[in-house]
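For the protein sequence lines, the chains are A and B, in the order given. Each residue of the first sequence is one higher than the last, beginning at -11 in our numbering. Each residue of the second sequence is one higher than the last, beginning at -11 in our numbering.
There may be inaccurate statements among the hints.
Copies of one chain are not kept apart here, so a pair can be met inside one copy or by any two copies together.
[Unchecked claim] Taking lysine to aspartate or glutamate pairs in the EDC-like style, the calculated list, with each CA pair at most 20 angstroms apart, reads:
(1) Lys112 - Glu129
(2) Lys14 - Asp113
(3) Lys112 - Glu49
(4) Lys112 - Asp39
(5) Lys112 - Asp33
(6) Lys134 - Asp39
(7) Lys134 - Asp33
(8) Lys(-5) - Glu50
(9) Lys(-5) - Glu8
(10) Lys134 - Glu8
(11) Lys(-5) - Asp39
(12) Lys134 - Glu109
To be clear, the hints were calculated from the coordinates, so they are not data collected in a lab.
Number of protein chains: 2
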Amino acid sequence: MTEPSSKPAIALGSDHAGFELKELLKAELLPQGYTVLDLGAFGPDSVDYPDFGHAVAQAIEEGRAPMGLIVCGTGIGISIAANRNPAVRAALCHNGLEARLAREHNDANVLALGARIIGTEAAKDALSEFLNTEFGGGRHEGRVAKLGQS
Amino acid sequence: MTEPSSKPAIALGSDHAGFELKELLKAELLPQGYTVLDLGAFGPDSVDYPDFGHAVAQAIEEGRAPMGLIVCGTGIGISIAANRNPAVRAALCHNGLEARLAREHNDANVLALGARIIGTEAAKDALSEFLNTEFGGGRHEGRVAKLGQS
């Protein structure tokens, strides 16, 4: 896991409220060797969060990135949008514990954060746990399979 | 809004981890005059959270209840399941602030809670804010409309 080339690509999406946190987390990911597929927003001008949730979901569905990170003001709206796509399991998390459980239990492939709700250190910790926790399998597998049904 | 008959029906769903909190919140809703449509789980035996997220979503889609409350261990899995249905806007909330914002900004029609994450008073406050906050409309309307697209 120390080879940069072994790190998955991460699709990034945010609205204007999430733009700054997306940029901060992108700056965390790049030095660790992750490839990022930044789908916007590309500035603080007002945009619609569903457009970016859908864009990240489409990138996951099409295999352009196996994992995603989405950010809006609360994380609620953009995670609803992403979860419309049965290829996505977007977990709205507030801390590292939730991000770890989302990977272990739900095999979450998209991390959703609320930029106006959590602080930057909690966001970094959630991202780290999300990227470094494996799916637990076992009793969780059948449940996750059911999430693939729309 | 003081007439019991003016209160909306609330569709309830949980897995085993969320069963106890669902029951506690049901006991809050009934004396306030809400009708509840309890779709299970009906006990603490192990079940699969997607089944109950889908059941509440179907109740919303079919108009059997205009609003829903779903609970699992973290709230993550059951909210992913519910949000597969374009009729649902399920908001995973940890407190009253998030629940209020989910109503104001996202016109959320389902409240999702994590029984192993938040305490009972935070859950009650989230439910109260969820039920007593109106959608803000305005600039949020176009965004919410986009959430209806699968």
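We went through each hint and held it up to the structure:
Taking the shortest Cα distances, Lys112 and Glu129 never come within 20 angstroms of each other, neither inside one copy (28 angstroms) nor across copies (32 angstroms). For the homomeric pair Lys14 and Asp113, the shortest alpha-carbon distance inside one copy (14 angstroms) is at most 20 angstroms, but the shortest distance between copies (35 angstroms) is not. Proximity of Lys112 to Glu49 under the C-alpha cut-off of 20 angstroms is found in neither arrangement, the shortest distances being 25 angstroms within a copy and 37 angstroms between copies. Taking CA atoms no more than 20 angstroms apart as the test, Lys112 paired with Asp39 passes in neither setting, with 24 angstroms inside one copy and 33 angstroms between copies.
Proximity of Lys112 to Asp33 under the C-alpha cut-off of 20 angstroms is found in neither arrangement, the shortest distances being 24 angstroms within a copy and 36 angstroms between copies. Within a single copy, Lys134 and Asp39 get their C-alpha atoms only as close as 26 angstroms, which misses the 20 angstroms cut-off; across copies the closest is 8 angstroms, which meets it. Only between protomers do Lys134 and Asp33 lie at most 20 angstroms apart by alpha-carbon distance; the minimum there is 19 angstroms, versus 38 angstroms within a single protomer. In this homomeric assembly, Lys(-5) and Glu50 come within 20 angstroms of each other (Cα to Cα) only inside a single copy, at 18 angstroms, whereas the closest approach across copies is 43 angstroms.
For a Cα distance limit of 20 angstroms, the shortest separation of Lys(-5) from Glu8 qualifies neither inside one copy, at 24 angstroms, nor across copies, at 40 angstroms. Taking the closest pair of Cα atoms, Lys134 and Glu8 never come within 20 angstroms of each other, the shortest separation being 35 angstroms inside a single copy and 23 angstroms across copies. Proximity of Lys(-5) to Asp39 under the C-alpha cut-off of 20 angstroms is found in neither arrangement, the shortest distances being 26 angstroms within a copy and 34 angstroms between copies. Taking CA atoms no more than 20 angstroms apart as the test, Lys134 paired with Glu109 passes in neither setting, with 33 angstroms inside one copy and 31 angstroms between copies.
Checked against the numbered hints listed earlier, the structure breaks hints 1, 3, 4, 5, 9, 10, 11, 12; every other hint is satisfied.
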